[in-house]
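Chemist: Single-letter residue listing:
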Amino acid sequence: EDQVTQSPEALRLQEGESSSLNCSYTVSGLRGLFWYRQDPGKGPEFLFTLYSAGEEKEKERLKATLTKKESFLHITAPKPEDSATYLCAVQATFGSQGNLIFGKGTKLSVKP
Amino acid sequence: KAGVTQTPRYLIKTRGQQVTLSCSPISGHRSVSWYQQTPGQGLQFLFEYFSETQRNKGNFPGRFSGRQFSNSRSEMNVSTLELGDSALYLCASSIFGSLDTGELFFGEGSRLTVL
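Chains as they are written, first to last, in my numbering: chain A, 1 to 112; chain B, 1 to 115.
Chain A with its partners taken away, still in its complex shape:
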C-alpha cells in the first residue's frame, strides 16, 4: 500500500535556527513527490515537485531534496513568517490511481 509518513509532527524553532523536516514514503513507483505549505484556515499552497533521487530544488529559505525512500525539506535561518504546516505528498506510477497521497504534515512554529 502506498504510504507517506512525515516527522516530526510538530517543530518549534527560534528565528534563525535551521532545521529539516522529513518525509518518508513507500510507493509502487514514484511519479512525483510534492511539498505544500498550509497556513491556518487556508488551502495548501504548492512549493516544490521532485521527480527522481538526487534532485534538489530551492525557494528562498527552503530547500527540498529527494532520495529513493525519503525527502527532506531544509529550512535555513527561518523567520516567523515561515510558521505553517508543511505537507508532503506522493504521486504513484502504479496504484492509487495517480492521485496524490498526503502525509499528515509537520506543524512548524518559528518564534522571534
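Calculated lysine-lysine pairs in the BS3-like style (CA-CA distance at most 30 Å, straight line):
#1 A/K107 - B/K57
#2 B/K13 - A/K42
#3 B/K57 - A/K42
#4 B/K57 - A/K68
Just so you know, these hints were derived from the structure itself, not from any lab.
Start from chain A and add chain B according to the hints.
Modeler: Same frame as chain A, but now just chain B:
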C-alpha cells in the same frame, strides 16, 4: 488570475441532513479533485472529475458523491450526515489532474461541522 473558489466557507448541519459544496476551478483547468482534511487522518482523496467524468474515487462510502458541469465547476454532496463527517473539504484544480504531475491549486476549503 482568479484562484479556486469554494462555497460556502463555513456551514453547520445536524446528523441525518445532507449538504452540497461547490467549487469553481481556475479558468482553463479541466480537472477538479476533492479532499477531506481532518486532524486525525490528514488529507484524504475523495474523487476526481475531468471533463464532466469521474476519473478516480477514494475509499469513502457511497454517501459521498460529486459531479462536474460543462464549465468545469464541481459540486460534492454528502447525504445522511454523520458526526465523523465534520472536516475541512478542499477542492483542487489542475489542467490535467492525475494524468500529469502538475501542481494542484487548492481552494480555501469549506469547513463542515455536523452536530
